[in-house]
Amino acid sequence: MTTPLLDVRGLSIALPPGADRPLAVDNLTFTLNPNEILCVVGESGSGKSMTAHAMMGLLPHPHVRVSAGSLLFKGRDVLTMPEAEQRSLRGGRIAMVFQEPMTALNPLMRVGRQIGESLREHTSLPAAGRRARVVELLDQVGLPNPAELADAYPFRLSGGQRQRVMIAMALACQPDILIADEPTTALDVTTQKQILDLIRAIQAERHMGLMFITHDFGVVAEIAHRVAVMRHGKLVEYGAASDVLNRPQHPYTRQLIASVPHYIEHRADHAKSGPALLVAEKVRKVFHVGGGLFKKSKTVVAGDDLSLTIHPGETVGLVGESGSGKSTLGRSIVGLIKPDSGRILFEGTDLLSLDRKGFRPYRRAVQMVFQDPYASLNPRHTIGDIVAQGPVAFGENRAAALTRARELLAMVGLDGSAADRYPHEFSGGQRQRVGIARALAMEPKLLVADEPVSALDVSVQGQVLELLDDIRKRLGLAMLFITHDLRIAAQVCDTIAVMRRGKIVEMGTAREVFTHPRDAYTRSLLDAIPGKGWEIPADLRHGPAGPRTVEASA
Amino acid sequence: MNANSSWVFWRAFARNKGAVLGLVILAGVLTLALFASVFFPGDPWDMATAPFQPPLSDGAPLGSDMLGRDIAAGIAHGARVSLLIGLTSTAAALAIGVTLGALAGFHGGWVDDAIMRFTELFQTIPNFVLAVVLVAIFTPSLTTIVAAIAIVSWPPLARLARGEFMSLRNREFVQAAITTGQSNSSIILRQILPNSLSPIIVSASLMVATAILLESSLSFLGLGDPNAMSWGYMIGAARTVIRQAWWMSFFPGLAIILTVLALNLVGEGLNDALNPKLARSRG
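Listed in order, the protein sequences are those of chains A and W. Here full-length UniProt numbering is used: the first residue of the first sequence is 1, the next is one more, and so on. Here full-length UniProt numbering is used: the first residue of the second sequence is 1, the next is one more, and so on.
Because the hints were derived from the structure by calculation, they are not lab data. All residues carry an ideal CB built from backbone N, CA and C; glycine is no exception. Mixed in with the good hints there might be a few duds.
[Stated by the list, open to error] Each pair of labels, with its calculated beta carbon distance range:
id, chain 1, residue 1, chain 2, residue 2, range
1, W, 124, A, 174, 56 to 66 Å
2, A, 17, W, 57, 51 to 61 Å
3, W, 114, A, 305, 33 to 43 Å
4, W, 184, A, 427, 29 to 39 Å
[Claimed, not checked] With the C-beta cut set under 10 Å, the calculated list includes, among others, these residues of chain W facing chain A:
id, residue
5, 54
6, 171
7, 174
8, 179
9, 180
10, 181
11, 191
12, 194
So here's chain W without its partners, still in its complex pose:
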């Protein structure tokens, strides 16, 4: 994209006020994650103050949990884990999904049949159940959680990429590329992929939100990485005392809601800006 078209893109994105708000929230979460150790030096697992301190008390602005750990520090460090898992698992899901979808859509025929049956195999198993099983089998750690989330979330991306590739495959500019002797890999990567990216980017941005939710749910069930402070773990740990200490689950919950909402708003804004893609109206 040249400078002019990226400006047009930004203008289309900014027309959606919600998307800009989402971007601002997301930037906040990102800053929190990046500077967690600056804002809250020390280990978030360490006892910082007395247990069961309500919000706005000394040394714990958002209160402390039943072991006296600072909730605010937990949220800041948890943002790291959430974003890291959200982004890496989506990247992994994109790699699997787009590759398989592109191959299926481009080649068609038996390749398509084989890949799509394989995809359906994954789609018939409920996402969360599969993720729980995978994490339970391969002892919980950041890597296994990322892998499990990626494995359960690539099928929709594969189907999307396949659809885009199938329709673009028969467009005349792709046929022109075939008649001018370009190789399959160059046609897939240079001709078709850039034209199919818009819907894929949009659904990937939404998928980051789903991945964060999945991770939180896993941690809530106690299947999170035991060494990483995460929002889901905090809620899970606090659920038994929710009536005595609402703040322990409320603030991590708020963090999840805001982050997921922001990602959804950004995804929607991207959708508005990218679809209809390079439309004639722009010319």
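Isolated chain A, as found in the complex:
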């Protein structure tokens, strides 16, 4: 075996006193070989990004520092090197791609100059040579018109294009090691596939060592040679990708893999009964962006000719990439947005024709669960208050509403004392449970869930999905489930509507859509699901935390 490119031995990173644990990273040991992709997997707070930041010298000094261990790059310890040498290593021999392409580029600097900066720092190329190299790099990462693009400012590029620019920047000095910190998390699934393909191709071509940090086992299955699983700063499992993915040993790895949504199975067809609960007909919404007294505004069509039907007890999935207009439709149904035309019939009444007063009774019937559990609860109110506010607004006795709130909190799996505490005392998953309890307090018939789990870790995701499914069954709720993740949609939805650029391109039962997609776009979405070639080990398919437990008993 060749000497490893990177040899991390007993690395510990100390957090400042008062943090939730003393060590962000605890006694971490792993190696990265040339021409290898090492995936570091873990949930938020597992210390995976901290490890990468330690390597790049990005730890927030002096609060967070390496307290023990060594980081050997080709046999030399990076941590004890003089500062100047460390600098020439970073960006030169070790490069990094960040998660958020929207903020990782300087908005006031042309793309080409940003890439050229590390060339100027680390090579002796003249200006013209640098320019030629930049164009070449942009071409290599698959950007169209590289010469023209080098003069563009970042705001003109899409998220995927910016991530390509970031990759070009990292590749500028032909590094030996590329560290990618969740480089595709902020991207749409089809863009994610393109970027993953690109990273894999470049890695193979240059025989780089690639350390790829991710939380998504689908992505791991897609690209990893070796996998390191981290939890609470400790390495819990480390081995070849095929071993970890197919024969996971550690209970935590098993739990993580069991909670990965997998789209292979889907629900049996939903038996539609009775008249439709909600019918949306040709809903259209145009947003006017900018503009003023003397300036014409730009129009953006968020939704056009949107029609869909939800029956009692049915879960309809609205799937699409960002900007496809799926949230616009969801928000129109709960009355947060007024569409320009079309009809939304709830039990036969057109909600759009009603005035504020007439609409009010229907508010109770249609409730919403929001995406961001951190923004959707008022930080100044107690949990009990938050849940009880709705019924109180509808004239219920406050004491009765608070009692009911406690019952609901118990129903969503929070204990009674939660009612007297404030949102900041709860984790993301718990807050999302509060959000669900708040919606249920209104005794709705239809629940609109707008990406309810996309801000949560995968193991928590599973629990929240399970809760939603349980509640749906117990209360016979109909649900409109908005998501960008087809795997999750496959798990929870009876019917799927695929949206693209403000239009529904395909709608059918989950079985139809997943097995015989009719639209080319649906096919490309299905094709882009990461890790579809990987089957979750059979013994984990009905795993402890997986939502499949519910399915299995159904």
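Based on these hints, arrange chain W on the given structure of chain A.
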């Protein structure tokens, strides 16, 4: 706020040593104002001793003015006027500014346009000039001075409140309040207002200082309430004899500087303690 979070707040505030000093000075000024008639019984306008007595002379620890009035008594009674005007005019400005800003930010659209154009109308006129004009038109008295100061100082508060309301208006917890059928007034008062208070409190505390300065400037120009002893009036009256009797303008000036400085320090401390507001780090 529960007991725990108010303690956290106090600790964050106390971390700023300047703010604590400001609070101490302010407490001193407040005591002086409250007990002015105990410390210095009698009318501060009455002659107490011989004119032009320098500081530390008998019966006038800080000296006396050209009519023999006690400077120390004037400062103590003036503290009353200054604080009263500072606080009431800020309260009035808050009432106007936050109400208009909240309505503009919450409703948006033409309501926002109308209110903001109205606000800009006030912002285009120089503050002090407008205050002078208003007081001059409505004969100087405590009420008119308070009204004039409030009228010239609400626009920044309105803009601030509007900005806060606009950004909070689109937060998910506000949308959740809409979908659970809460009324507009309950959303404005119970959901948004408590979350937008921090920056408003901070700028209001600074505004008290500005109001005190404005009042002093008005009195300096002779537009103060003729029946109320005030720091600005004392300086204004003494300016002609500043070369013979420096103490007549020095001590009231010092009082203004200390009070304004203290208010600014407290405002800064509040800013440190309240922003970032109920941050996640506290959880």
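Would the stated hint for residue 54 of chain W survive a check requiring a Cβ distance to chain A of less than 10 Å? Since chain A brings no Cβ nearer than about 56 Å to residue 54 of chain W, farther than 10 Å, the hint is violated.
| Within 56 to 66 Å or not, the Cβ separation of residue 124 of chain W and residue 174 of chain A? | 59 Å, holds
Do the numbers back the hint for residue 191 of chain W, that is, is its least Cβ distance to chain A under 10 Å? 6 Å, holds
Margin query: Would the hint on residue 181 of chain W be counted as holding, given a Cβ-Cβ threshold of 10 Å to chain A?
Written below: 4 Å, holds
Distance restraint hint 51 to 61 Å, applied to the beta-carbon atoms of residue 17 of chain A and residue 57 of chain W:
Roughly 58 Å apart at Cβ, these two residues keep to the hinted range, so it holds.
Is the interface hint satisfied for residue 179 of chain W? The criterion is a beta-carbon contact with chain A at less than 10 Å.
Given a least distance of 5 Å, the restraint on residue 179 of chain W holds.
**chain A contact restraint for residue 194 of chain W - C-beta distance below 10 Å** = At about 5 Å, which falls below the 10 Å cut-off, the nearest Cβ of chain A leaves the hint on residue 194 of chain W intact, so it holds.
message = Using the nearest Cβ pair, does residue 171 of chain W come within less than 10 Å of chain A?
response = OK, holds: residue 171 of chain W within 10 Å of chain A, min 5 Å.
- Query: Do the numbers back the hint for residue 174 of chain W, that is, is its least Cβ distance to chain A under 10 Å?
  - Reply: 8 Å, holds
Given residue 180 of chain W as an interface hint, is its Cβ closer than 10 Å to any Cβ of chain A? 3 Å, holds
* Asked: Do the Cβ positions of residue 114 of chain W and residue 305 of chain A conform to the proposed distance bound of 33 to 43 Å?
  -> This hint holds: roughly 36 Å between Cβ atoms.
- Message: Does the beta carbon distance between residue 184 of chain W and residue 427 of chain A stay inside 29 to 39 Å, or does it fall outside?
- Response: 32 Å, holds
Hint compliance for this structure: hint 5 is the single one not met.
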